[in-house]
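Visitor: As a plain string of letters, each chain reads:
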Amino acid sequence: MNTHIGTSLSRILGNATRAAAAVWSVLAPVLLILLFASSPVSAVTINPGDILVVDPNALGGNGGIFKIDPATGAQTIVSSGGFFQEPVGIVIEASGNIVVTDRTGFVIRVDPATGIQNVLSAGGYFADPFGLALEAGGNLLVVDAAYGGSGAVIRVNPTTGQQTLLTSGGFLDNPYGIAVEANGNIVVADNSTAVRPSPVRAASSVSIRCLEPRPRFL
Amino acid sequence: MLGTQTPVSVGAQPFGCPFGIDVEAGGTILTTVFTYFSYGCAPSAIFRANPGTGQQSVVSPHSIGWSQPFGMTTEPDGSILVADEGHRGVYRVNPVTGIPTVISQYGYLVNPTDVALALPPPQPPVSTPGLVTGGSKFNRFTGEPEDDGWIAINGGKNVYRNSTASFRFVIRYDRGDTEPSGYLTFTDSNAKVTIESKSYDLLIIERTHASFVGTAVVNGEFKREFRVEVDDLAPNNAALMDVRDNFSIQLLDGSYMASGQVLKGDIQIGQPYCLLRPCPAGDASNP
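Chains R and Y are the protein sequences, given in the same order. Its first residue numbered 745, the first sequence is counted upward by one per residue in the working numbering. Its first residue numbered 13, the second sequence is counted upward by one per residue in the working numbering.
No wet-lab data here; the hints were simulated from the structure. C-beta atoms are modelled at their ideal positions from N, C-alpha and C, and glycine is treated no differently. Hints may be right or wrong, so weigh each one.
So the derived list for chain R, only partly shown, Cβ under 8 Å to chain Y, looks like this [as the list claims (entries may be wrong)]:
{"no.": "1", "residue": "I812"}
{"no.": "2", "residue": "G868"}
{"no.": "3", "residue": "V924"}
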């Protein structure tokens with residue numbers, strides 16, 4: 745009797761589980777679509793001369809990318825929601841695609857024609873990816889304000905998203921800005937403690953030129 | 013510490029706490045200073061730093077009204093675009109006077125941190141007018157080689173070091189041409205690689221260096237892209253002197269590359285073209 749009840753119960757539970765799984769298999773894609781549909785991503789045309797701005801706290805707090813008409817100042821949402829949680833750095837690739845850093849540990853590529861976001865690179869060396877720059881060959885450079893406790897410069901392959909740690913430690917202490925000189929040298933704006941140690945040669949051949957050590961921020 | 017780091021501009025006030033950074037067309041470095049008084053930072057402003065000396069100067073002072081300027085970029089005319097978090101806006105700054113003009117403010121913007129400028133798509137490279145030839149026994153009237161030249165292979169991929177390979181080519185481009193014309197043959201018998209050009213796409217001449225790309229038949233397989241780099245370092249028809257020309261060829265799919273000095277023959281950039289007819293002013297082949 746008990747065995748019979750147990751068998752019936754397990755059969756009922758099994759059927760319930762299968763039913764729930766079937767319902768979920770139908771609902772999950774719908775929910776995902778609804779989730780992203782609720783994200784105000786939009787399609788805009790980016791013309792030469794247009795200004796793109798990234799704001800980590802816009803649109804309710806998860807931030808977005810906005811096109812600004814340089815003549816009128818009119819603002820248009822390019823992309824928001826989706827993977828954005830705190831987007832802070834922005835560049836435009838030669839292809840016209842937009843790439844942003846998100847402080848929660850992502851580099852996200854946005855197609856301006858559709859507003860659709862794709863995660864190009866995540867995790868790895870990213871602790872607080874902030875400033876973003878483009879190298880002549882199309883590689884992305886990310887300055888991370890917190891990797892290893894003091895910050896780092898990370899190169900991201902624009903095709904694979906593979907990360908390469910170029911430099912960390914040394915002068916770096918919460919760097920936020922990054923740019924590339926015409927000769928390929930990387931310059932970083934950093935507000936670390938003022939010291940002037942001699943340059944150190946390491947595995948990376950890239951020269952990192954740090955600007956302005958000053959008191960620690962944050 | 014990993015990597016090589018060199019301080020560019022180290023300083024006390026008023027350069028404290030730079031956040032945004034960009035490089036101007038002339039090479040000078042721009043920074044925004046994000047005010048954070050409680051951490052000893054200077055009043056917000058925009059600064060310029062000499063990349064060689066580190067000397068700092070004020071582009072746009074705090075007194076002009078900056079709140080929390082952050083990310084920046086420059087426009088083709090040198091104007092500076094700045095996102096100011098505190099003012100919830102984007103500004104254009106005159107790089108000489110430092111006077112900002114608001115482009116857009118408020119609206120969707122709450123704490124804008126960075127700006128980027130949309131630029132026209134890069135133009136495809138344009139061929140350089142001129143004539144580049146390689147081989148031996150050059151025809152004095154046409155400038156074209158009548159026999160193969162040879163290189164001693166000292167580098168590459170899927171090659172035998174210290175082996176030799178033969179080459180002969182002509183590539184010319186004149187203004188108005190849709191694409192360069194000519195031919196190329198290359199044979200590396202040891203590696204069993206034969207390359208015969210079918211068309212050229214691009215010719216770039218830079219003084220004594222030339223590079224060109226095209227498509228070729230490689231061992232009977234059609235439509236393989238190749239690239240050739242040559243240096244015309246030796247006097248014409250003097251390849252046995254101490255200074256020798258260089259020749260390298262690679263298949264762009266990465267399957268083969270050979271490079272080396274010219275053992276027999278010569279690489280000639282420009283001169284035959286100019287001997288046969290006056291070089292148009294501005295041509296790379298016009299010495």
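Visitor: Min Cβ distance, V924 (chain R) to chain Y: is it shorter than 8 Å?
Guide: Nearest chain Y Cβ about 7 Å off; hint holds.
Visitor: Under 8 Å, Cβ to Cβ, is where I812 (chain R) needs to be relative to chain Y, so tell me if that hint holds or is violated.
Guide: holds, 5 Å
Visitor: Can G868 (chain R) be said to touch chain Y, with a Cβ gap under 8 Å?
Guide: violated, 15 Å
Against the hints set out earlier in the document, a violation occurs for number 2 only.
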